[in-house]
Amino acid sequence: MTRFFHLTAYLIRDSLLRWRGRPLSPLSRLLVALCLSTATLLILSSFALGKKTLEERIQKFGLNTVVLRTQLARSEAPIPASHDLSRYGKTLKLKLTYSSAQISLGGKAIIGFAHDHTLRELTNWGVKADRLPVLMTKRFPAGIIVTVSNGPWQVEAQTAVAPRELKSAGIEEMLIARQHDFPMQAQTAGQAITILRVDHTLHSIDSIVHALEEVAHADQPQGHNSRKVESALPLLHELRELQSSWARYASLLGIVLAFTIAVVFGASAILEYEITAFTTALLRSFGASRISLWLQRCAESLILVNLGWAVALLCAHTISQSVLPQLTAFLTDAHTLFPLIAALNGGALLAGIPIALAMRRQVGLILQ
Amino acid sequence: MSAIEINHLNFAYPGKADREIFRDYDQSFAPGLHLLRGFSGCGKSTLLRLIAGYLTPDHGTIFIPGANSPRDRRHQVNSLGFVFQSINLLEALTIRENVQIVGALARMPNAKLKAQSQHWLDVMGLSSLANEKPDRLSGGQRQRAAFARAMVKSPRILLLDEPSAGLDDDNTLALINAAVAYQQADRKQRIVIIASHDDRLSPHADVIHEFSHQKMA
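Those protein sequences? They're chains Z and R, same order as listed. Note that the first sequence covers residues 1 to 368 in my numbering. Note that the second sequence covers residues 1 to 217 in my numbering.
The set of hints was computed from the structure by calculation and includes no laboratory data. Note that the structure is a prediction, hence the values are computed from the model and not measured. Beta carbons: idealized from backbone N, C-alpha and C, even for Gly. There could be a bad hint or two in this list.
Stated by the list, open to error - Computed footprint of chain Z on chain R, listed as stretches where at least three residues anywhere in the stretch have a Cβ under 8 Å from a Cβ of chain Z:
#, stretch
1, 48-55
2, 66-77
3, 90-97
4, 100-107
Unchecked claim - Stretch-level coverage of chain Z by chain R, calculated; a stretch enters the list once three of its residues show a Cβ under 8 Å from a Cβ in chain R:
#, stretch
5, 4-15
6, 284-292
7, 298-306
Construct all of the structure, not just a fragment, from the sequences and the given hints.
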């Protein structure tokens, strides 16, 4: 124990004395670790930001939401039978026109048509309305009656908050009326739209989307783009690709990081070792093991590299908190950052190899 | 066998195979104080390093009493004291710590280590400077500190490489007297080998080995 205490105490003092005597040596290594860590964090932050944006878009659309659209020559045409998706989950079927109506309190809303039984579907989706027409809006309080008009036709509509899934279909403000409320618009082109909230405990959203896409494709052999399936799947694919690129870049950066640290720290450490080889040989002649002396040099590299990393992470954290709060999760995710820390420390340990080789030199060739 | 026996020793420094320092060299060092004398570069220091196990012979054997070989780690740490030609004190430590670290590495019990280090600091006249760093000491004081450090673990074999180089008569006398007293303790079973061309040391030696180039290689 005395041996360990004396040697450790000496090695710590020796390191501090050397660093105080030649401060540029540790400072340059610290700076290299800091710059490399900052650059790595910067590159990986762009992936983290991209991932965050995609996740927000997926969340906004709804992971288990599918929207099926079919172009209709006339809005009064019946909704195609292929829109019956009720076996997959909860559905909401509407017909959209390309016309909008004027709200008496200000603003416009797209005109959509529904049957009286649609009111039940709407109630199932959490819409609080007891009669048609209903004005889905976020600009006015729910439950009030407003006048909505288009040309000579006007209706008294009850306001309601639109379910999130309606926003997935790109509809923010919409008047759901009956066809006879706006007979002129019923004559014009429109689209049948079915919003499906998949019961994911029973069905895989992938298989549903693929099945719908196949049907849509079969229905339009001439290339007419009359039917369209929308879901979060493309965003999920994009997210997967981004995560895969992220993993590739993180691995590559880890290798570059480890290699650069190994080369720079190794070169610097061996220069410093050569200067102090005499003292090291003297300690070896006293009985200090090569391992303990090698560990001292490795510990120095590990301290510097981790200090550089900590400073870079602290700076990134401070900046993210004030400018890019979306990055906070990435910067505090130990699971994501661990491989980088491991690469830095691995590089620092590799930097010890030249010293380990130099220490194999016979003591008698150094001590004169 | 209590003597150091060297048989058929061949040695050249790495990369200098054409300049052999020793060729088929035989020598014996029985307990006592030995003085290796010879001109600079004749191989005195190299022989001490070979005996200490700090260099490996190209050929031949060196028998060390109580050890498997000169490179026996336990022997090197516990039974060997070496004072180098240049003064090799650790600058980060005080004189007392410089003396103690060698004993600590030899796993000496703490109480014994403290007592021994104080004893040798007293013998070398360094008690008042024990808490100073080496850079505050004169050349003679530093050499005496290096000697105290070599002595603290009571080695059976003590190797001194030019210990009196640059020292005045008083310091030289203090050093050689300590070496003689040390050798004569413990039933005179200790081996002290001094490599030096300093004539002031000759009267104190039991055996003088004259080194000549012809003799060694």
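>> Under 8 Å between beta-carbons, do enough residues of the stretch 90-97 of chain R, three at least, approach chain Z for the coverage claim to hold?
In response: Satisfied; 5 residues make the cut.
>> When I compare C-beta atoms, does the stretch 298-306 of chain Z have three or more residues closer than 8 Å to chain R?
In response: violated (count 0)
>> Count the residues of the stretch 100-107 of chain R whose Cβ falls closer than 8 Å to any Cβ of chain Z, and tell me whether that reaches three.
In response: holds (count 7)
>> Taking beta carbons only, do three or more residues of the stretch 284-292 of chain Z come closer than 8 Å to chain R?
In response: Result for this restraint: holds, n = 4.
> Within the assertion that chain Z covers the stretch 66-77 of chain R, do at least three residues meet a Cβ-to-Cβ distance smaller than 8 Å?
Replying inline: With 3 residues in contact (Cβ-Cβ under 8 Å with chain Z), the coverage given for the stretch 66-77 of chain R holds.
> Mind checking, does the stretch 48-55 of chain R have 3 or more residues with a CB under 8 Å from chain Z?
Replying inline: holds (count 5)
> the stretch 4-15 of chain Z covered by chain R? Criterion: 3 or more residues, Cβ-Cβ distance below 8 Å.
Replying inline: holds (count 6)
Of the hints listed earlier, the one the structure fails to meet is number 7.
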